[in-house]
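Please take these sequences and the hints and turn them into a complete structure.
Protein chains in written order, with our numbering: chain C, -15 to 610; chain A, 275 to 529.
By construction, these hints were calculated from the structure, which means they are not laboratory data.
Glycine included, every Cβ here is placed at the ideal spot set by N, Cα and C.
A couple of the hints might just be wrong.
Derived coverage of chain C by chain A (criterion: at least 3 residues anywhere in the stretch with Cβ under 8 Å from a Cβ of chain A; other residues may be distant) [claimed, not checked]: (1) 87 to 101; (2) 209 to 221; (3) 356 to 370.
Calculated pairs, DSS-like style, for lysine-lysine (alpha carbon to alpha carbon, straight line, at most 30 Å) [what the hints assert, rightly or not]: (4) C:607 to A:509; (5) A:290 to C:607; (6) C:568 to A:358; (7) C:494 to A:358; (8) A:358 to C:577; (9) A:358 to C:607.
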Amino acid sequence: MTTMMDRPASTPGHSAPKKALIERLNIFTAFGLGIIGAIVFWYLAKAILPANTDGSYIKSNRDQYVLLAMIGWLIGFMTGIGALVGPFRWLLGKDLSHEENLFYAGKDQGVKRYFRYTTDHKVVGIQYLVTTMVVFFVGGVLAMLIRTNLGHAGGGWLQPQTYNAIVGMHGIIMIVATIIMVTGPFGNFIMPIMIGARDMAFPRLNALSLWLIIAAIPCILSSIFLGGIPTGWVAYNPLASQGPPGQDGYIMFICIFALSTMVAGANITTTVIKMRAKGMTWNRTPIFIYGVVASVALALPAFPFFFLSQVLSAMDRATGSTFYDTRGGGSGWLYENLFWIMGHPEVYVILIPAVAALMEMAPVFTRRPLFSFNMAIMGIAGISGLSVLVWAHHMYTTGWAPLLNGPFMLTTELISIPTGLLFLVLIGTLWRGRLWMTMPTASIYALLWNFMIGGVTGIYLSDVPIDGALHGSMFVTAHFHYTLMGAGLTGAIASLVYWFPKMTGRMFDKTLSWIGFWFVQIGFNIAFIGMFLVGLAGQPRRVGSYAALFDRGNMITTGGAYLIMSGMLVLLYGVISSWTHGAKAPMNPWFAKTLEWSVPNPVPLENFDVLPVVTSDAYGYGKAQS
Amino acid sequence: MSDLETQKRPSVFARKDVKQTVYLWVIFTAIIGYVSATVQARSMGASASETMSTTIHMIRVFTWVVAPVAGLIAAMAATTLIAKMHFGDTPPDEADHQIRNSPRATSTWLIVSSLLCLFAVVWGTIVLQRDNAAILDPAAMNVNVTGQQWVWNFDYVDNGTVRSADLYLPVNKPVVFHVTSKDVIHSFWIVQMGIKIDANPGYVTETSVTPNKIGIFDIRCAELCGLYHAFMQTKVHVVSQADYAAWIKSQGGQA
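Quick look at the structure:
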């Protein structure tokens, strides 16, 4: 592995003036240039593009302007943050100097490095953590608006247009938040240390993936002012083509986010394959690493489809093409296919790293080895492999290809076998362990409970005749909240508490973590069991008002949602208060054996003075049998 | 296992925690199976077709089939929770073993879960085949369903040019719906009959059902279709054959 130390230092005089430029770039210049870029592109588009008068499929020029302005925003933002400095230098035939690389790594910059294009994986991890929490906060506020509106019968106080826009926004924001919630903060901060590396394989790509997400977020937030996304998070065409310009915000958000995910996927995969410490064979690689790699490796084939689906959508809106318009030879089914070819691997992109993180914690908190490491890997690999073959189970009732319903039912139900292995590994590790009760330990039990309910209801839905009754109902909504939130988010919050000492140097407040845990878990189960019941009784998804028969169930769900909100606010307060003045954390508070606990707090710039050599796996807990 | 080994290692079922788990397993399986099967079946309410009855039955059976698995995990989890628990800032003693694997446990688990999965697939396929065959029934009547923002229209093509916004169906007669849309994607859902098919602009999709109960049931749109999606609902009136013929005549069609 090449470290920055190995490179010859360039002469200081040579690089001094250039250094001044990169020192001046930060998040403020990024937003400034981004806004300027958007304005410039808007007016250029207005000046250059011909006005639409020929009565084609395009109703007006507004989508062209909005899309181009957002492209201008992206270019301006990435220039302003300094993402183009490196590539530009390459074009000029000279790479960054040693000092500049150290500068980019955030050496001796204190808090400022968190607002710059910093390449240090630990800085990127913290940036991801804060970004994820902000995005969750926005998504959570939207969720509470939805639940408040559905709290009493006959609709509520939100207009249908507003309600639909909020539902779509909540959906896509939460999907993105859950996709990045584990691989972002912990995959970046913890993973390289865990495998005994000094940084990621491509540190600048790492910064790129983070800042692409930050550039994408204003696109989706701008939708609020452009009419929203009244199409649900799936944005099916042709409904989406009717949508307001807010839909363009969705399209750009997805495109930029997909780029970010692909960049991160290539980076993380390469890092894990090439940069594990000496002696860390695949048998000795911690299971969390498998989870992270499976997640990002799945994203690699999946997200290009997402990207493509939205590019075609943008072309339909802005250029009058008819990929999804039957009047011009297109098909809405094409969109549905492209979308779900991404959409089903994506749920495992969310789920696998969260479960793998809990598997990583299980031996630590039971003081015994992980039960059946090989089955854990087989489970992860099996789910990943099968997940690319199941997308059309989202389309059983679309009428697209009824003959394929049988085969897709088969592949979908096969996933229950590797998923069962994950349960086996977790329960097998808890069994006969010496239980150390912490909030992450309790989260393992919570995951078993929630994921069992989410998984079993998934088996019902995978059955074509049952899906005929339940598809598009609140039952589906409750099902995927049980998997993505009950299992996924539970794992992510446990990861936060578990790795908080290493990431911030302070312990997460124990009392607050327990209060938050119980509020969230109890509220969650109340909310979504209520939602299962109204779904079974026949309440459709994404409706702002409903028949009186669903009153009680919705009331229960809304009550549960407020409990979740209370718990989440407690956790948020816990994060802030523990981060600012929590108890100083020892180097290895959990007495765990993975490598990230062998480095001091705060973690030094290149993690290890001497790269570690690994001689066994990290699960050697328990007393040896005499 | 040889005799010698048997003497050294008593049967696992002699261990206290295993015994406890087995008792809990039986109890939890019964509770989980009964409570969730009953609650789900009750929530789904009255069924108005064989399709819906089968669906409710399948959910009930799937629940009972999965209950032992969920019950086992719940029982094992409960046993580990009942055992001595350690709170505090330093870890408890190490566990008194270093077991990393149990080929017997994992292979049993794999075989059982594969068999359960096989059962679900085979049964699902059989029911699916029956539903698919029903679309080809030559004795069935045909109704064209057209969705548009935000109403449903029904054309009784076997009875001349009758069109209605409420659906009327004769009881115990198979019916095939030919579903399409004028604008965006809708989804035609007769809630109490357990059938659903998307209405796509430019394409015709099919589904079929045989109503077996006289009464008024709900039709809802199950795919977000814009502003008033929540209000895109209507009723289906299932009536006797004679009443149906009379209704068709009153609408100017030939019964």
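Cross-check of the supplied hints:
1. Only residues whose C-beta sits within less than 8 Å of a C-beta in chain A count toward coverage, and the region 87 to 101 of chain C has 0 of them, not enough to reach three; the restraint is violated.
2. Evaluation of the coverage hint for the region 209 to 221 of chain C: fulfilled, as 4 residues show C-beta separations to chain A shorter than 8 Å, against a requirement of three.
3. Coverage of the region 356 to 370 of chain C by chain A holds in this model, with 4 residues showing a Cβ closer than 8 Å to a Cβ of that chain against a need of three.
4. Between the alpha carbons of residue 607 of chain C and residue 509 of chain A the distance comes to roughly 68 Å, so the proposed pair goes past 30 Å and is violated.
5. Using a Cα cut-off of 30 Å, the hinted pair residue 290 of chain A and residue 607 of chain C holds, with the two alpha carbons roughly 21 Å apart.
6. Restraint check for residue 568 of chain C and residue 358 of chain A: the C-alpha separation of about 29 Å stays at or below 30 Å, so the hint holds.
7. Pair hint residue 494 of chain C plus residue 358 of chain A holds up; C-alpha atoms about 20 Å apart against a cutoff of 30 Å.
8. Proposed proximity of residue 358 of chain A and residue 577 of chain C is supported: the alpha carbons are some 23 Å apart, at most 30 Å.
9. With a C-alpha separation of about 17 Å, the suggested pairing of residue 358 of chain A with residue 607 of chain C holds against the 30 Å cut-off.
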